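Add chain C to chain G, keeping to what the hints say.
Chains as they are written, first to last, in the numbering used here: chain G, 831 to 970; chain C, 831 to 970.
Don't take each hint at face value.
25 angstroms max Cα-Cα, derived DMTMM-like pairs, lysine to aspartate or glutamate [claimed, not checked]:
#, chain 1, residue 1, chain 2, residue 2
1, C, LYS907, G, GLU952
2, C, LYS907, C, ASP921
3, G, LYS907, C, GLU854
Listed next, with one range per pair, are the computed distances between beta-carbon atoms [to be verified]:
#, chain 1, residue 1, chain 2, residue 2, range
4, C, THR892, G, ALA887, 40 to 50 angstroms
5, C, HIS913, G, ASN968, 55 to 65 angstroms
6, C, ARG905, G, ALA881, 44 to 54 angstroms
7, C, ASP960, G, GLU854, 32 to 42 angstroms
8, C, ASP957, G, GLN963, 48 to 58 angstroms
Keep in mind that the hints were calculated from the coordinates and are not lab data.
Small disclaimer: the values here were computed from a predicted structure and weren't measured.
Here a beta-carbon is modelled for each residue, glycine too, at the ideal position from N, C-alpha and C.
Number of protein chains: 2
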Amino acid sequence: MTGFSSPLPEPHSIDLSTTYNTSEAGSLLALTLTNLPFVARRAFIVSNVPAGVTRGAHAHRTCEQFLVSLSGQIRVKLFDGHHTSDTLLHDPGDSLHLPAMVWGEQTYLDEAAQLLVFASHEYDPADYIDNVQEFLENCA
Amino acid sequence: MTGFSSPLPEPHSIDLSTTYNTSEAGSLLALTLTNLPFVARRAFIVSNVPAGVTRGAHAHRTCEQFLVSLSGQIRVKLFDGHHTSDTLLHDPGDSLHLPAMVWGEQTYLDEAAQLLVFASHEYDPADYIDNVQEFLENCA
Numbered sequence: 831m832t833g834f835s836s837p838l839p840e841p842h843s844i845d846l847s848t849t850y851n852t853s854e855a856g857s858l859l860a861l862t863l864t865n866l867p868f869v870a871r872r873a874f875i876v877s878n879v880p881a882g883v884t885r886g887a888h889a890h891r892t893c894e895q896f897l898v899s900l901s902g903q904i905r906v907k908l909f910d911g912h913h914t915s916d917t918l919l920h921d922p923g924d925s926l927h928l929p930a931m932v933w934g935e936q937t938y939l940d941e942a943a944q945l946l947v948f949a950s951h952e953y954d955p956a957d958y959i960d961n962v963q964e965f966l967e968n969c970a
Numbered sequence: 831m832t833g834f835s836s837p838l839p840e841p842h843s844i845d846l847s848t849t850y851n852t853s854e855a856g857s858l859l860a861l862t863l864t865n866l867p868f869v870a871r872r873a874f875i876v877s878n879v880p881a882g883v884t885r886g887a888h889a890h891r892t893c894e895q896f897l898v899s900l901s902g903q904i905r906v907k908l909f910d911g912h913h914t915s916d917t918l919l920h921d922p923g924d925s926l927h928l929p930a931m932v933w934g935e936q937t938y939l940d941e942a943a944q945l946l947v948f949a950s951h952e953y954d955p956a957d958y959i960d961n962v963q964e965f966l967e968n969c970a
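So here's chain G without its partners, still in its complex pose:
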C-alpha cells in the first residue's frame, strides 16, 4: 500500500448508536444493527492476532463489510484504486464501513485487539480479489 499518497475521501463512518458502558460487573458494548448500510448476513470475529500482524489484504467484488473494534488498537488501511486512507480504531465501538471494491488491510497493534465484522453476503471464495494487480485492473 506504500506509494499511494493521496487520501481517500473521508472513510464512511456510520453511527450505530453505539454505547459502551463499564461497571464493576463488566463492560457492555451495544450496537444498533438497523443502522448498518446493508443487511448483515454474516458476522465474524477476529482475535488472538499476534501484535503487528496484518490481516485482510484483499477486496470483495460485491460484499460490503462493517468493521467494529471490540478491544485493543487496530489500524485499517483502505485503498479504492486511486486513494488511500489510514484509520486507527482505538476505542471499543470505533467502526468503519468497507464498501465493495475497496482493498482493506487491518494491522492488529496489540494482542488484545479484536475486530467484529458484519458482512452483506455469505462467504463466497469467488468474491475475493487477493491479488493487488487484479484489483487494480478491475478498478481501472
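For chain C alone, coordinates are given in the frame of chain G:
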C-alpha cells in the same frame, strides 16, 4: 434459581453454520446470521466480567436473544416459570437461543469470558422484567 429441579425442554440450539479457525495469524469465528430465528436489530458484547459474576437475571416480554460465546466459559441458566436448564458455553461459537418470557442468568466463570448477544428488538427498558415474582405472575 435453586429449587427448580425439573429441566427445561432441551434449550433451543440453532446452527449458525458456525466455523472457528485458528492459525498463527489469529482466530476467526464466523456466524451465518440468516440462520438466526429472528431478524437481529441489536447486538451487544459483554466482556471484562470478574470471574464468578452473574449477569442477566431478567426476562424480556417480547425480545428474543441469541447468545454466542466468544471466549472463556459461561454458564447459562434459563427458567421458563416451570422448568430450568443449565448450559455451559465452553467453546467459541457455542450458542443458545433465549426466547421471550424466559428468565436468563449468565455466570462468567473466568475473566476471559466474552458473550456476543443478538437481540430481536432495540433497547426498551419497558421490555425488561427484572423481578422474579413479577415474572412468575406473568408466566402463570
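Quick rundown of the hints versus the structure:
1. Restraint check: the Cα-Cα separation between C:LYS907 and G:GLU952 comes to about 32 angstroms, which exceeds 25 angstroms; the hinted pair is violated.
2. Taking the CA atoms of C:LYS907 and C:ASP921, the gap is about 17 angstroms. The hint holds against a cut of 25 angstroms.
3. A C-alpha spacing of about 22 angstroms is found between G:LYS907 and C:GLU854, which places the hinted pair at or below 25 angstroms, so the restraint holds.
4. One distance hint, 40 to 50 angstroms for the beta-carbon pair C:THR892 and G:ALA887, holds here, with the actual separation near 43 angstroms.
5. The given range of 55 to 65 angstroms is respected by C:HIS913 and G:ASN968, whose C-beta atoms sit roughly 56 angstroms from each other.
6. The hinted range of 44 to 54 angstroms is not satisfied by C:ARG905 and G:ALA881, whose Cβ atoms lie roughly 32 angstroms apart.
7. Evaluation of the 32 to 42 angstroms hint for C:ASP960 and G:GLU854 yields a failure: the beta carbon distance comes to about 18 angstroms.
8. At about 52 angstroms, the CB distance of C:ASP957 to G:GLN963 agrees with the hint of 48 to 58 angstroms.
Hint violations for this structure: numbers 1, 6 and 7, all remaining hints satisfied.
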